[in-house]
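Participant: Sequence:
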Amino acid sequence: RLAEKVAGYAESGESVDAIEMYNKMTMEVILATAFGRAVDVQNGKGGKILESAVRIVGAFATEGEHASKTAGLLNFISISFPKLMPICQFLFRHIVFGDAMDYLAKASQEIIKSRKELDDEKSAKSDLLGLMMEAGDGESKRVLSEGEIIADSVGFLIAGYETTSSALTFTTGLLASHPDIQERLAEEIKNYFSENPDSTLYEATHSIDYLDMVFNEALRL
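Just add 113 to wherever you are in the sequence shown, counting from 1, and you've got my numbering.
Hints are computed from structural coordinates only; laboratory data are not their basis. Check each hint, because a few of them may be wrong.
As the list claims (entries may be wrong) - Label-pair distances were calculated between CB atoms; the ranges are: (1) Ala331 / Lys229: 36 to 42 Å; (2) Ser312 / Asn188: 43 to 49 Å; (3) Lys303 / Met198: 51 to 57 Å; (4) Ala123 / Asp215: 23 to 29 Å.
Claimed, not checked - Okay, derived cross-link-like pairs now, DSS-like style, lysine-lysine, Cα gap no bigger than 30 Å in a straight line: (5) Lys226 / Lys182; (6) Lys226 / Lys196; (7) Lys158 / Lys226; (8) Lys158 / Lys196; (9) Lys182 / Lys229; (10) Lys303 / Lys219; (11) Lys161 / Lys219; (12) Lys229 / Lys196.
Idealized CB from N, CA, C, for every residue including glycine.
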């Protein structure tokens, strides 16, 4: 979907808010891989699960439209006045999160239950949720409980949302300001797919050395 969006912007010459575009893409990927929910976030769909996810990441976001001012204030108070931390934690849970955390937990439980009932080996390793469920099936050395799986999914959402979208936005900005690097990277990608037409995007990202170099340099900066 992101490729279609970018192609549309390029064709129309319309300016685009890169951070908003990547925020939506990142949220869509995390909901699909960590919560097993295919949600078309990039086209404004998502319903209650998207609303809950946005509320949770907003509590930890430092900037952007989803950043919670209330969360920032409570964090400041708890750090400045440690004795008030229990009160701040209570308010954080009931005001900042509301029912968002409970909803995501219940949604995850439903997905886990339905996957166990289907017992589909193909879906078991298709995403992060499936891999965590496999680790918790009692057959492997590392056993994850249902509660741990849900906690890890929420942790993945909190840790991966803003960091990923910010890194992608910064890299895009660098490429826009260095057209020679952008052109070479585009050429490397085209050459790779012309030589490997059946390759997946996952395989491509691990095989194109120049792509790895560009992204690593962006992260270094």
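Participant: For every hint, state whether the structure bears it out.
Facilitator: Okay, the hints, checked on the actual structure:
| no. | hint | result |
| --- | --- | --- |
| 1 | Ala331 / Lys229: 36 to 42 Å | holds, 40 Å |
| 2 | Ser312 / Asn188: 43 to 49 Å | holds, 44 Å |
| 3 | Lys303 / Met198: 51 to 57 Å | holds, 54 Å |
| 4 | Ala123 / Asp215: 23 to 29 Å | violated, 42 Å |
| 5 | Lys226 / Lys182 | violated, 36 Å |
| 6 | Lys226 / Lys196 | violated, 41 Å |
| 7 | Lys158 / Lys226 | holds, 24 Å |
| 8 | Lys158 / Lys196 | violated, 42 Å |
| 9 | Lys182 / Lys229 | violated, 40 Å |
| 10 | Lys303 / Lys219 | violated, 43 Å |
| 11 | Lys161 / Lys219 | holds, 12 Å |
| 12 | Lys229 / Lys196 | violated, 45 Å |
Consistency note: the structure conflicts with the earlier hints numbered 4, 5, 6, 8, 9, 10 and 12.
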